[in-house]
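The hints should help you fit chain B onto chain A, whose structure is shown.
2 protein chains.
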Amino acid sequence: MRSLLLSRRDLDFLLHEWLDVGALTARERFAEHSRETFDAVLELSERVATEQFAPHNRTADLHEPEFDGERVHMIPEVAKALEAFAATGITAAGMDESVGGMQLPQTVAQACFLWFQAANVGTSAYPFLTIANANLLLAHGTPEQVETWVEPMLEGRYFGTMCLSEPQAGSSLADITTRAEPRDDGTYRLSGNKMWISGGDHDLSENIVHLVLAKVPGGPAGVKGISLFIVPKFLADGQRNDVSLAGVNHKMGFRGTVNTLLNFGEGRHTPGGEAGAVGYLVGEEGRGLALMFHMMNEARVGVGGNAAALGYTGYLHALDYARTRTQGRPPTAKSGPPVAIIEHPDVARMLLAQKSYAEGAVALILYCARLLDDERTGATEVDRARAHLLLDTLTPIAKSWPSQWCLAANDLAIQVHGGYGYTREYAVEQFWRDNRLNMIHEGTHGIQGLDLLGRKVVLHDGAGLRLLLDTITGTVDAARAAGLDDHADALAAAVARTGEVTAALWAAGDPAVTLANSSTYLEAVGHVVVAWMWLEQLVAAAGREGDFYDGKRAAGGYFFRHELPRTGPQFALLESLDRSTLDVRPEWF
Amino acid sequence: MRSLLLSRRDLDFLLHEWLDVGALTARERFAEHSRETFDAVLELSERVATEQFAPHNRTADLHEPEFDGERVHMIPEVAKALEAFAATGITAAGMDESVGGMQLPQTVAQACFLWFQAANVGTSAYPFLTIANANLLLAHGTPEQVETWVEPMLEGRYFGTMCLSEPQAGSSLADITTRAEPRDDGTYRLSGNKMWISGGDHDLSENIVHLVLAKVPGGPAGVKGISLFIVPKFLADGQRNDVSLAGVNHKMGFRGTVNTLLNFGEGRHTPGGEAGAVGYLVGEEGRGLALMFHMMNEARVGVGGNAAALGYTGYLHALDYARTRTQGRPPTAKSGPPVAIIEHPDVARMLLAQKSYAEGAVALILYCARLLDDERTGATEVDRARAHLLLDTLTPIAKSWPSQWCLAANDLAIQVHGGYGYTREYAVEQFWRDNRLNMIHEGTHGIQGLDLLGRKVVLHDGAGLRLLLDTITGTVDAARAAGLDDHADALAAAVARTGEVTAALWAAGDPAVTLANSSTYLEAVGHVVVAWMWLEQLVAAAGREGDFYDGKRAAGGYFFRHELPRTGPQFALLESLDRSTLDVRPEWF
Chain A
1 MRSLLLSRRD LDFLLHEWLD VGALTARERF AEHSRETFDA VLELSERVAT EQFAPHNRTA
61 DLHEPEFDGE RVHMIPEVAK ALEAFAATGI TAAGMDESVG GMQLPQTVAQ ACFLWFQAAN
121 VGTSAYPFLT IANANLLLAH GTPEQVETWV EPMLEGRYFG TMCLSEPQAG SSLADITTRA
181 EPRDDGTYRL SGNKMWISGG DHDLSENIVH LVLAKVPGGP AGVKGISLFI VPKFLADGQR
241 NDVSLAGVNH KMGFRGTVNT LLNFGEGRHT PGGEAGAVGY LVGEEGRGLA LMFHMMNEAR
301 VGVGGNAAAL GYTGYLHALD YARTRTQGRP PTAKSGPPVA IIEHPDVARM LLAQKSYAEG
361 AVALILYCAR LLDDERTGAT EVDRARAHLL LDTLTPIAKS WPSQWCLAAN DLAIQVHGGY
421 GYTREYAVEQ FWRDNRLNMI HEGTHGIQGL DLLGRKVVLH DGAGLRLLLD TITGTVDAAR
481 AAGLDDHADA LAAAVARTGE VTAALWAAGD PAVTLANSST YLEAVGHVVV AWMWLEQLVA
541 AAGREGDFYD GKRAAGGYFF RHELPRTGPQ FALLESLDRS TLDVRPEWF
Chain B
1001 MRSLLLSRRD LDFLLHEWLD VGALTARERF AEHSRETFDA VLELSERVAT EQFAPHNRTA
1061 DLHEPEFDGE RVHMIPEVAK ALEAFAATGI TAAGMDESVG GMQLPQTVAQ ACFLWFQAAN
1121 VGTSAYPFLT IANANLLLAH GTPEQVETWV EPMLEGRYFG TMCLSEPQAG SSLADITTRA
1181 EPRDDGTYRL SGNKMWISGG DHDLSENIVH LVLAKVPGGP AGVKGISLFI VPKFLADGQR
1241 NDVSLAGVNH KMGFRGTVNT LLNFGEGRHT PGGEAGAVGY LVGEEGRGLA LMFHMMNEAR
1301 VGVGGNAAAL GYTGYLHALD YARTRTQGRP PTAKSGPPVA IIEHPDVARM LLAQKSYAEG
1361 AVALILYCAR LLDDERTGAT EVDRARAHLL LDTLTPIAKS WPSQWCLAAN DLAIQVHGGY
1421 GYTREYAVEQ FWRDNRLNMI HEGTHGIQGL DLLGRKVVLH DGAGLRLLLD TITGTVDAAR
1481 AAGLDDHADA LAAAVARTGE VTAALWAAGD PAVTLANSST YLEAVGHVVV AWMWLEQLVA
1541 AAGREGDFYD GKRAAGGYFF RHELPRTGPQ FALLESLDRS TLDVRPEWF
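Read top to bottom, the protein sequences are chains A and B.
For the first sequence, position 586 (counting from the first letter as 1) is numbered 586 according to this note's numbering, and the numbering increases by one without interruption.
Heads up, this note's numbering is the position in the second sequence plus 1000, with the first residue counted as 1.
What the hints contain is simulated information worked out from the structure, not anything from laboratory work.
Only true hints are included.
Per label pair, the in silico range of CB-to-CB distance:
id, chain 1, residue 1, chain 2, residue 2, range
1, A, Pro167, B, Thr1177, 54 to 62 Å
2, A, Glu43, B, Glu1587, 24 to 32 Å
3, A, Thr142, B, Arg1002, 50 to 58 Å
4, B, Arg1240, A, Asp550, 56 to 64 Å
5, A, Asp550, B, Leu1062, 42 to 50 Å
6, B, Leu1459, A, Val339, 22 to 30 Å
Here are some chain B residues pointing at chain A (derived, C-beta under 7 Å):
id, residue
7, Gly1170
8, Asn1249
9, Tyr1422
10, Glu1429
11, Pro1511
12, Leu1582
13, Glu1587
With a Cα cut of at most 25 Å, we get these calculated SDA-like pairs of lysine to any residue:
id, chain 1, residue 1, chain 2, residue 2
14, A, Lys80, A, Ala427
15, A, Lys334, B, Gly1462
16, B, Lys1224, A, Gly336
C-beta: ideal position from N, C-alpha, C; glycine also.
For reference, chain A alone in the conformation it holds in the complex (with noise of 0.2 Å):
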């Protein structure tokens, strides 16, 4: 039977005939692996999703996480499916081996992380959450801090979390009121609340790494006074850290992962006999934002990463109802036994849609995972520069893209399945709802839009811009060379309109009007994007015969036909300078 879950045919595509991740093994990080190490942690990963995540996805939609005032409960199939996950080692998939990693190419873990995604993005969250926690103290911790926090935290003992919000502050940090208050010893007290913490507390773990901006009082204003400390929930000693649950947050997706307010130093507990949360800090005062922006980075290309394995499962599951319920006939036919559903042009065009969607999105992340390969292991400096530059201007599309249409892809579903997908006896109006919230957490669609705009594209001059056209240029040529003259030519006129169009926005002289633009901008360039992901892969796939290849051409053309002219009207728009938005008054709602 076909996995619901994910293609492994297709992951095979891309990491091999597309990402060529083989080519990986020759650079010495990853020398000891093979096609087989690969797939053995692909096999596995598909074998522990299928058997411990999927299962109790609906049961932890069911029956959310509950505080009683004291403790979080939770059933029991969630800290069976982590324990079964840290058994994989996973975990630690692409770290050192000195710290008990297994070194893999970033492109193969994101490949492994995307089966547990789809299986059940509420429970993934507690480990891909420590996993980029770790990351961040194993680049900027002190060998001290790793040993204590990070190294129990990639055996599974200890889970992490990032703690950004605050109730009055969420997509602006400059406004964080929780303060740090340094003593003698080196460490501080913290107090003060933090918002939307997801893994806030629970008791799946031994002990909870929180990483908290905060700031240290007398430091500067704004994003400048921001430092960053590791709050254990426990000390390394064993006493209860000052950090305590004020409550927990109803989502309406997304269930499974608890996600918290948390009150630090309010005094219930006193460690070393004084009230205020005790923590350590990490690198210098004052750099907390930009440390916390090597968590928040990967975490948003694994925002990405949820919203395309949601798309993905759900386009599968769609796929599979619309081939087994029959419905009417054709237009010709009108008589002679029901059809299948996917026999109506109609149904074809949502598994098309969802398909060009769900597989741009996986391409796009996989994508931005091999860019992380190259910027750590990439032969020259030049080489690794080019990847950083790449994947930093990439980030807020691999953030924002597969969340508004993989969102899409979900919607889809369920209207492939009319009523019954409306039901909760059918999967896809859970994918939904869980997927609704990649559009919002680690950085709102419209803070990605001004990212995008008003950073990325004109950070170094527009060095990350030009780069980007570049590559796809470079796309574009391979595309020609390989008889696909027409896609060429339809992302070759989309890179010269994105080059256009962003000059004239910058050329206007006034800020207020391009950064008022700034999520169309997201929005076009976004699909742009995702046409040259389909036209790489339509090159990967040209000369080769069979159902599979067709079906990447079909979804391809689909999405060149169907998607890529959309960014017609928004660069239009963006070259008028619209200034809607900024000129209507509060009054006039």
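Below, chain B without anything else, positioned relative to chain A:
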């Protein structure tokens, strides 16, 4: 305090400054009415919706109807609200005085209904299904049927349902298998299973009047063999009929409306000592589907009303949040206190989009109601025929456009709220879940596309489409006269494209390829129609000053700049007679 359900100011604008409902009082049927009676019933609707419907909207979502194997249990607030509704007399708002009706214009009645739909779409479904049921029987039932079944419905003592779908036959009604066997006394005995029956069983009313599609054995195959029957839960003499509740569906949203699987004639009850559900034929045998379309067309506009009302209340909730929530600063201000988020252009964009969708959708629904008034009471036969044809052509759009775009509005309402909008502590996530049903029930989105492109625009040699485009052109002329040349030009161009593209689609000579493009056609023409609704409003607002009118101009301008241009690539795709969805083969997925 401003209502968060709808804007009475906007309704007054639409009803009086635009649709001139006052002029209807010159017609004999409405001669007893006046601005005062209209205002009174609108105020009553707002009050009862606000006081009796809105307060239990979330409660009904959290505590959906439960079936214990014998009876359906629901929260008591529903029955209380429905008693209050019955007491208003609005059930019979549009009906003849001879049956106890108010003889209100449909335009005003529709505006009243919107208050209840905005307040609590789940509870409002019971009376609105009842009204549609009663209207069908008033038009096609015998005087005895009207007396026995309709009058108690109008008094609020009986409720009504429509029973079309079966587990194996949803969109494809030709395949229903419910049988109706004639008896010598002129009654029938029905047996079969009906799926997705809203309000199919409950204790809210003394009786439930099911309108059931079934086939008389020996009749023609397909839709010509379908007849329509009244099948009450209790017969007139009080005996329990052989209709039993087999189960309730557990939906993602719209939970307040119990949705059921009903078994007819399974022998659980034996009226008159015999198994089989007693049914009474409505009209003639074999005319069932045609008669049901009387109810279905009304229900389709009603679904558009549901969607529009949900979009509208979601918009007002988001607006309220955006005015009060502070976060961040304008890009030009690095310091200073946080501003209300409505000051951020990207939030203003999301509010403008919602305003343009919700107000555009409500305008379309009221315009359709006005056409119904003209169809019934227009001065001349030509006027009435014209109104009938235009309404018939617009019905698939009135159903589909609000369902799609007011769902998009609810999505944006969540986004404006950020993380809070994703929690059940705020109202907007429920609106989004509730609204998702509207693209599915009463004919899916795909069915509406086939209805528009495959039936409505070809019927009578294209007269419906010509009338629509001529009518829009009339608005274009009025807009030019009002100095709205830019918008007039844009809409005139869209009208021309609609005509050209429709001709190109049908000139292909291959209905299969034409109809494979029907959803895209539906969506493109839908946007043209709503741009027209906006231009109508802008003409009505022309020359008027003040925030309200400036708001109309801002939202209308937004629709013309950001939305109407989406149709450009859609029309180009249609004109290309795209075969993507027709040529893809099932094995390629």
